[in-house]
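Given these sequences and hints, build the entire structure.
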Amino acid sequence: MEKSIVKVEHVSHRYSVQWAVRDISFEIPQRGIYGLLGSNGAGKSTVMNIICGVIKQTEGCVFIDGKDTRLDPIGAKLHIGFLPQKPPLYGDLTVEEYLSHTADIRWVPEQDIKTAVNEVLDLCAISHFRKRLIKNLSGGYQQRVGIAQAIIHKPDLVVFDEPTNGLDPNQIVEIRHLIRDIAEERTVLLSTHILREVQAVCDNILMIEQGKLVFMGTVDEFDNYIVPNTIYLTMKNAPAIEVLKGITGLTSVEKLENGAFRAHFSDSQEAMEQIVEQSAANQWHLTEMRLEKSSLDTIFAELSKKARR
Amino acid sequence: MKVIYKIAKRELQMLFYSPIAWLLLLCFAIQTGIIFSELFGSLVRDANEYGHAWRASKTLFAFGDQGEGLWIQVQSFLYFYIPLLTMGMVSKDLSSGSIKLLYSSPISSLQIILGKYLCMVFYALILMAILSIYLIIAWCTVENFEEAWILTGFLGVFLQTCTYMVIGIFMSSLTSYQIIAAVGTFLIFMLMSMVGGMGQQYDLVRDITYWLCINGRSSTFIQGMLCSEDLIYFPVVIAMFWH
Chain A
155 MEKSIVKVEH VSHRYSVQWA VRDISFEIPQ RGIYGLLGSN GAGKSTVMNI
205 ICGVIKQTEG CVFIDGKDTR LDPIGAKLHI GFLPQKPPLY GDLTVEEYLS
255 HTADIRWVPE QDIKTAVNEV LDLCAISHFR KRLIKNLSGG YQQRVGIAQA
305 IIHKPDLVVF DEPTNGLDPN QIVEIRHLIR DIAEERTVLL STHILREVQA
355 VCDNILMIEQ GKLVFMGTVD EFDNYIVPNT IYLTMKNAPA IEVLKGITGL
405 TSVEKLENGA FRAHFSDSQE AMEQIVEQSA ANQWHLTEMR LEKSSLDTIF
455 AELSKKARR
Chain B
150 MKVIYKIAKR ELQMLFYSPI AWLLLLCFAI QTGIIFSELF GSLVRDANEY
200 GHAWRASKTL FAFGDQGEGL WIQVQSFLYF YIPLLTMGMV SKDLSSGSIK
250 LLYSSPISSL QIILGKYLCM VFYALILMAI LSIYLIIAWC TVENFEEAWI
300 LTGFLGVFLQ TCTYMVIGIF MSSLTSYQII AAVGTFLIFM LMSMVGGMGQ
350 QYDLVRDITY WLCINGRSST FIQGMLCSED LIYFPVVIAM FWH
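As they're listed, the protein sequences go chains A and B. Under the working numbering, the first residue of the first sequence carries the number 155, and numbering increases by one thereafter. Under the working numbering, the first residue of the second sequence carries the number 150, and numbering increases by one thereafter.
In short, the hints are calculated from the structure, not lab data. Owing to the predicted nature of the structure, the values given are computational and were not obtained by experimental measurement. Glycine included, every Cβ here is placed at the ideal spot set by N, Cα and C. It is possible that some hints are incorrect.
What the hints assert, rightly or not - Here are the simulated lysine-lysine pairs, DSS-like style, with alpha carbons at most 25 Å apart:
no.	chain 1	residue 1	chain 2	residue 2
1	A	K366	A	K399
2	B	K151	A	K221
3	A	K210	B	K241
4	A	K221	A	K210
5	A	K460	A	K366
6	A	K161	A	K366
7	B	K155	A	K268
8	B	K241	A	K240
9	A	K308	B	K155
10	B	K158	A	K289
11	A	K285	B	K155
12	A	K308	B	K151
13	B	K158	B	K241
14	A	K308	A	K268
15	A	K240	B	K155
16	A	K268	B	K158
17	A	K157	A	K221
18	A	K308	A	K161
19	B	K241	A	K285
20	B	K207	A	K285
21	A	K285	A	K240
22	B	K241	A	K289
23	B	K241	B	K155
24	A	K289	A	K240
25	B	K241	B	K151
26	A	K268	B	K151
27	A	K366	A	K210
28	A	K289	B	K207
29	A	K308	A	K285
As the list claims (entries may be wrong) - If you only want the chain B side, here are some residues facing chain A, beta carbon under 10 Å, derived:
no.	residue
30	K151
31	K158
32	G246
33	I248
34	Y252
35	S253
36	S254
37	P255
38	I256
Set out below in structure tokens:
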């Protein structure tokens, strides 16, 4: 059986009287990019802060590489690199000074610190800013410095809390590339509420809503979460809508723009076979026919609704 | 231990990147310089007028005919400096979010606080280095200098500074607002100074409040007495605010 890098068991967390996270359990095996999805205030940051040891959970256990974060916090934290929503930077230090300090407190051997700093500076493409004060860098480069500190000690698990927040489109693309590069050698867990980001970067999705885990699976599984029940059709020589409604297996048909139709079916296999047959027999010139999947937004909304019930 | 030292080094670096550390050092040096030169000047005048100056060591550093000496005066204004230094020690990290860097690193909360406290102790040593300049001047110029007495007072001022600093760090860890931390520290210092005057009509309360009063403790040092009771007081208060 594959060894898990993160194991979360029945974790709950309460801020004063309100529960932010309630009885969450999941496991993340080694390697891959995992997206922690959820709307604002769903509990994503709380889960990440608990995993990284920034806050202590009210109930439950978290294991990092088999080490309980409560019983052996230092042993567990050796395997973690964390970039919070707001990068934890010291503006008065230069990039090099800051990264040397972070390597220092992450137990990087004294003689390896210089090499480790140079490596992350190169990987995050900030070598030319090494002598620059952090407070004088742009938001995008500050984010890169934040990423660099999270990976300087080569952790097995890197946790990014909304890493592309507040960046311009070019910077977002660059950071996504960087995350993919980082994930080649380690497990990455990133939180976001942007669905396109999940599609663009992640292999797996964990969705949290109202403090509860409502979905866990691959991006494809998420994509197919709502079983399709419509067929999209386009024909050069389309018949009247009533004719299409008469096809066996279809329950209703609606006309769209440019000679396209959306047909609801009871049995997709039968309906599609009948459409092809009828089209060939009646010279409708069928040019496109496909099962319509629900958009990610629809799935997100559906899962959110399910959590609220 | 190495990690504590590294945190302390980084804190000290950050402290001296801000103007507040330099400004306070400058103010401290000017203020103590003025006090010492006035006390020393009056002694020189006495010596010129009468051919000698009585109890010179005591007059310069403890108390004498000219009023309060350097240690007593430093003790009375020290609590203006410390809250300004300690207010950002933890609260700045809390408000900027940089505390998450420390919390997510393989170091314990105790190491973080010890590192920050060690940084403050270094700063206290710098303040003491300024005071030691006056000590050396007096030692070199005053005949029959009472070094044991004066060094005991010096130790008292240092211990009081360290105690003030731990209280300041404690208050700073309670809030993300630096100004609240500074005001809270002032209030605790005030309480610890005023407690000595409370409930004086009751013997037991008088004993307890006298023991709790911070100024009373360091005054014993300044009077040249090195009591085990006072030596215990400062570590006890430091440990109390630690937890």
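Going down the list of hints, with the structure as the test:
Under the criterion of a C-alpha separation no larger than 25 Å, the hint pairing K366 of chain A with K399 of chain A is inconsistent with the structure, at around 42 Å. Only pairs whose Cα atoms come within 25 Å are accepted, and K151 of chain B paired with K221 of chain A is accepted, the gap being roughly 24 Å. Of the supplied pair hints, the one linking K210 of chain A and K241 of chain B holds, its CA atoms being roughly 21 Å apart against a limit of 25 Å. Restraint check: the Cα-Cα separation between K221 of chain A and K210 of chain A comes to about 15 Å, which is no more than 25 Å; the hinted pair holds.
The suggested pairing of K460 of chain A with K366 of chain A holds, with an alpha-carbon distance near 11 Å, which does not exceed 25 Å. Proposed proximity of K161 of chain A and K366 of chain A is supported: the alpha carbons are some 16 Å apart, at most 25 Å. The straight-line distance between the Cα atoms of K155 of chain B and K268 of chain A is roughly 16 Å, inside the 25 Å bound, and the hint therefore holds. Proposed proximity of K241 of chain B and K240 of chain A is supported: the alpha carbons are some 14 Å apart, at most 25 Å.
The suggested pairing of K308 of chain A with K155 of chain B holds, with an alpha-carbon distance near 20 Å, which does not exceed 25 Å. With a C-alpha separation of about 20 Å, the suggested pair K158 of chain B and K289 of chain A falls inside the 25 Å cut-off, and the hint holds. Taking the CA atoms of K285 of chain A and K155 of chain B, the gap is near 20 Å; set against the 25 Å cutoff, the hint holds. For the hint linking K308 of chain A to K151 of chain B, the alpha-carbon distance of about 21 Å falls within 25 Å, and the restraint holds.
At roughly 17 Å between alpha-carbon atoms, K158 of chain B and K241 of chain B fall within 25 Å of each other, so this suggested pair holds. Restraint check: the Cα-Cα separation between K308 of chain A and K268 of chain A comes to about 14 Å, which is no more than 25 Å; the hinted pair holds. As the CA atoms of K240 of chain A and K155 of chain B are separated by approximately 24 Å, the hinted pair is consistent with the 25 Å bound. For a cut-off of 25 Å, the pair hint linking K268 of chain A to K158 of chain B stands: about 18 Å separates their Cα positions.
Restraint check for K157 of chain A and K221 of chain A: satisfied, since their Cα atoms lie roughly 12 Å apart, inside the 25 Å limit. For a cut-off of 25 Å, the pair hint linking K308 of chain A to K161 of chain A stands: about 20 Å separates their Cα positions. Between K241 of chain B and K285 of chain A, the direct Cα distance comes to roughly 24 Å. Compliance with the 25 Å bound is thereby established for this hinted pair. Of the supplied pair hints, the one linking K207 of chain B and K285 of chain A is violated, its CA atoms being roughly 52 Å apart against a limit of 25 Å.
Simply put, K285 of chain A and K240 of chain A have alpha-carbon atoms about 22 Å apart, close enough for the 25 Å limit, and the pair holds. A threshold of 25 Å between alpha carbons decides the hint, and for K241 of chain B with K289 of chain A the separation of about 15 Å falls inside it, so the pair holds. The suggested pairing of K241 of chain B with K155 of chain B holds, with an alpha-carbon distance near 19 Å, which does not exceed 25 Å. Our distance criterion of 25 Å between C-alpha atoms is met by K289 of chain A and K240 of chain A, whose separation comes to about 14 Å.
For the suggested pair K241 of chain B and K151 of chain B, the alpha carbons sit about 23 Å apart, so the restraint of at most 25 Å is met. For a cut-off of 25 Å, the pair hint linking K268 of chain A to K151 of chain B stands: about 18 Å separates their Cα positions. This hinted pair checks out: K366 of chain A and K210 of chain A have alpha carbons roughly 18 Å apart, not beyond 25 Å. Only pairs whose Cα atoms come within 25 Å are accepted, and K289 of chain A paired with K207 of chain B is rejected, the gap being roughly 50 Å.
Among the hinted pairs, K308 of chain A with K285 of chain A is consistent with the structure: their alpha-carbon atoms are about 23 Å apart, no more than 25 Å. About 9 Å separates the beta-carbon of K151 of chain B from the nearest beta-carbon of chain A, less than 10 Å, and the hint is met. Restraint check, K158 of chain B versus chain A: the minimum CB separation of about 9 Å is within 10 Å; hint holds. Using the Cβ-Cβ criterion of 10 Å, the hint placing G246 of chain B at the interface with chain A is satisfied: the shortest such distance is roughly 4 Å.
Checking I248 of chain B against chain A: minimum C-beta separation of about 7 Å stays under 10 Å; hint holds. Proximity of Y252 of chain B to chain A holds as hinted, the smallest CB-CB distance being about 4 Å (cut-off 10 Å). Interface restraint check for S253 of chain B: the shortest CB-CB distance to chain A comes to about 4 Å, inside 10 Å, so the restraint holds. Interface restraint check: S254 of chain B against chain A, minimum CB-CB distance 5 Å, threshold 10 Å, status holds.
Residue-level restraint check for P255 of chain B holds (minimum Cβ-Cβ distance to chain A is 4 Å; threshold 10 Å). Of the supplied interface hints, the one on I256 of chain B holds, with its beta-carbon coming within about 6 Å of a beta-carbon of chain A, less than 10 Å.
When held up to the earlier numbered hints, the structure conflicts with 1, 20 and 28 and fits the remainder.
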